[in-house]
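Novice: Residue numbers (the numbering used here), protein chains in the order written: chain S, 1 to 152; chain G, 153 to 440; chain U, 441 to 871.
To be clear, the hints were calculated from the coordinates, so they are not data collected in a lab.
There may be inaccurate statements among the hints.
[Stated by the list, open to error] In silico DSS-like links for lysine-lysine, alpha-carbon gap of 30 Å or less: (1) U:K619 - U:K595; (2) U:K600 - U:K509; (3) S:K115 - S:K18; (4) G:K182 - U:K778; (5) U:K595 - G:K181; (6) U:K785 - U:K632; (7) U:K778 - U:K662; (8) G:K251 - U:K778; (9) G:K251 - G:K182.
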Amino acid sequence: METLESILMEHPFFAGMKPEHLALVAGCAANVRFNAGEFIIREGGVANEFYLVRHGKVAIEIHVPQSGPVTIQTLGPGEILGWSWLITPYKWRFDGRAQELTRAVVLDGKCLREKLEKDHDLGYEFLKRFAQIVTERLESTRLQLLNVYEQH
Amino acid sequence: MFTNNTEVMAAALGPGPMVPAVFRVQRTKKETSDTFTMELLPEEGPQEFAFAPGQFNMLYAFGVGEVPISISGDPARRSVVVHTTRDVGPVTSALRRLKPGEGLGIRGPYGTGWPAAEARGADVVIAAGGIGLAPLRPVLYQILAARQHYGKVVLLYGTRTPADILFRRELEQWRSRFDLEVCVTVDRAVGSWAGMVGVVTKLIPRAPFDPHSTIAMICGPEVMMRFTVQELEGRGVATENIYVSLERNMKCAVSFCGHCQFGPAFVCKDGPVFRYDRIQPLMAVREV
Amino acid sequence: MVNRVVRKNVRRRPGGVAQTAAFAVCGRFGLVRNPAARRLIMSDSDPPGEERFVFECDQLDLLLAALKKHGYRVVGPTVREGAIVYDELRSAADLPVGWSDEQEGGRYRLLKRSDRAHFGYAVGPHSWKQFLHPPVRRLWQASRTQDRLEIVPEKDDPPKTAFLGVRACELHAIQIQDKVFLRGGYSDPSYKARRENAFIVAVNCGHAAGTCFCVSMQCGPKVGAGFDLALTEVVEETRHYFVVQAGSEAGRQILGEIPHREADVSERTAAERIVSRTAEQMGRAMDTTEIKSLLYSNYEHPRWESVAARCLTCGNCTMVCPTCFCTTVEDVTDLSGKHAERWQKWDSCFTTSFSYIHGGSVRPSGYARYRQWMTHKLAAWIDQFGTSGCVGCGRCITWCPVGIDITEEVQAIRSAAPLPARENEENHGNA
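Only chain S is shown next, with the shape it has when bound in the complex:
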């Protein structure tokens, strides 16, 4: 049977993390599933967790009056949904909605925050990984802002 720890170990986000750290993290993890159309996170809501997407697809949306929800990015298997749990004031800035049946591992951010505070080595491991994700998304956002196809 697949244990949570083995699922975590196989997820790209945790690649190279020490087993003792993984064991600590696994204590805050649980399997979840969302049906197509179901909201996973809501803008303005309290951000006390994040998700490792295993199957399916999640859309990050922002609702724009008159034009409805605009999808900014979609996340697939191997990707991470949510970093607001790590940064004050721990509130979601966007909506996250399952576009199809989505399976994920949810990690309890509140529980993790305490562990990261106590164990700064683990904290540094987490910050490195999230800095990578934030950088990638910033780069993507910049490219989207350039609207390169407009001129091509």
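Starting from the known structure of chain S, arrange chains G and U on it as the hints suggest.
Specialist: Just chains G and U now, with coordinates in the frame of chain S:
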């Protein structure tokens, strides 16, 4: 220094290097709000038109002007010349307005092609941005026609919005094949789009190919190509296995007018398809 | 090209009256009659002969007459609007007799000479490219009727033209344009026709301007190969004559039709001395050591910004340059909309529209356009055509309204060049 292209040069259409041959529009198909595909037949009756995928023709709209446009048709279908382009200026706009039976001028084919032969035995990553899918379609046809000679074949296509997706029906057909991985992503989506949203470069890290045995072919806006190359390099693809197609101003397409110069290269003759390692230092120079 | 001219001429006048007459006048130096020997002369590798001949200055009109008799329109230097330009000559009197020029960065003045030298100047704003690669040329015409589009190529039947007074640098420039238009993979039929119809009378330089630097470009002042006839003008107190060298069968034939004799040692020496003295008078020099990698490794250099601050991007340098070849095209229609034409015109890489693609210009900044011009001329040209694009004629310096000096710009980049980036250099070398 660059690819020797003499054989192709000799085959060019038209009575002289600067004089177009007359073709007629067979039909024009609207692809998206501002792109269209034209099928053209020679005025003088059936005639074989051979080209290498990646090459372009100079299309002349009567009295308006001439522009370089890549060939988007199937290289195996030699009776007809196919072009897909975007209506962005007076010439493309005039071309779009041509009705079936009306005439236009063609010179070509010109330039270098995609490395379909070099890619045999390897995985192939085709990364297209926006209208950049048009010059890549012929090489995909070519590869699919000899599918058994290639490893994994991946098509990554990014465009602005779902409404801007080119060759939508064909993409759906390709996606249903088991021997072709097709990923389509858009920069921004509203409404019912259930596909991927995000920049095309971000498809690279998770695309299924062996970076040490891959030939990558990229066409799109220069910024998109630069970032795609970075992601490919990040996966371990060597720059000598990466090919890009460049766009520059062209008036003659036969290296006489000087407009398309890119460092030591004439894009019309030494390009438009370049092996990336050969132009990499120039790609980093502004306004070169 | 010269060889083709020969073939044509010979075919048109197989053993004709002109040849026989020439033989009668000066059989010793006349035409080669043995067909095998003729073939040898027509081969590309044939170096101009060692023989030197002499004719007196007052016989120059006979040379013009002989050229005209063979159907050539004679173009050469003449004074017009305060400059020495190239135009059709009626007689030797149209030449800039007794004129010289004074040139510096952004400065050109005609000066009266103390003698009656016919070629006593350096070079003017014109070059021969206007005759081989015309500034404006119709490429074709198109007509549209109800159900038919027709495109009719321009019938190009250029007149046979003799260029009188081609300098060594200019001869190099012509040979460079030959590579651009005839040997770059494609061949330009219009250029080819004009080139084949050209007869070249080169003139060794007896005067160097302040902006001349052909010696450092290895393009002068002595005429090398590629001419039909080459003259050296010798002006002495009591005598004014030309030392002549034939460089082709056609040249020999023309020479055979005017009175001439073999040059003696003193005449040969006088001519040699004139050219070597000119070589010592160069106003400028360009250090071309490793120039390709120098420029390829200095795309980023503060000097480009400082030259751009002076450059007006007017394009004068490209217009006067004897090797600049860029063109644009213009489409015109009549009012009925049934007739259209396409014209080719000289263009300049100094305009923003030159590199325009949908969305904007690739080189909107002045620094990028100056850099493109100079880097192309001195570096990329070597990769493209196996030769520098610069012959050291100095026109771009003289005719620059603000006196930008290409030799000075190279030196500035050279002396302030950051340490060469090895890796970069290698990459560019391959590219």
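Novice: All hints, please: hold or fail.
Specialist: Results for each hint:
| no. | hint | in the structure |
| --- | --- | --- |
| 1 | U:K619 - U:K595 | holds (23 Å) |
| 2 | U:K600 - U:K509 | holds (11 Å) |
| 3 | S:K115 - S:K18 | holds (15 Å) |
| 4 | G:K182 - U:K778 | holds (28 Å) |
| 5 | U:K595 - G:K181 | violated (38 Å) |
| 6 | U:K785 - U:K632 | holds (17 Å) |
| 7 | U:K778 - U:K662 | violated (54 Å) |
| 8 | G:K251 - U:K778 | holds (17 Å) |
| 9 | G:K251 - G:K182 | holds (13 Å) |
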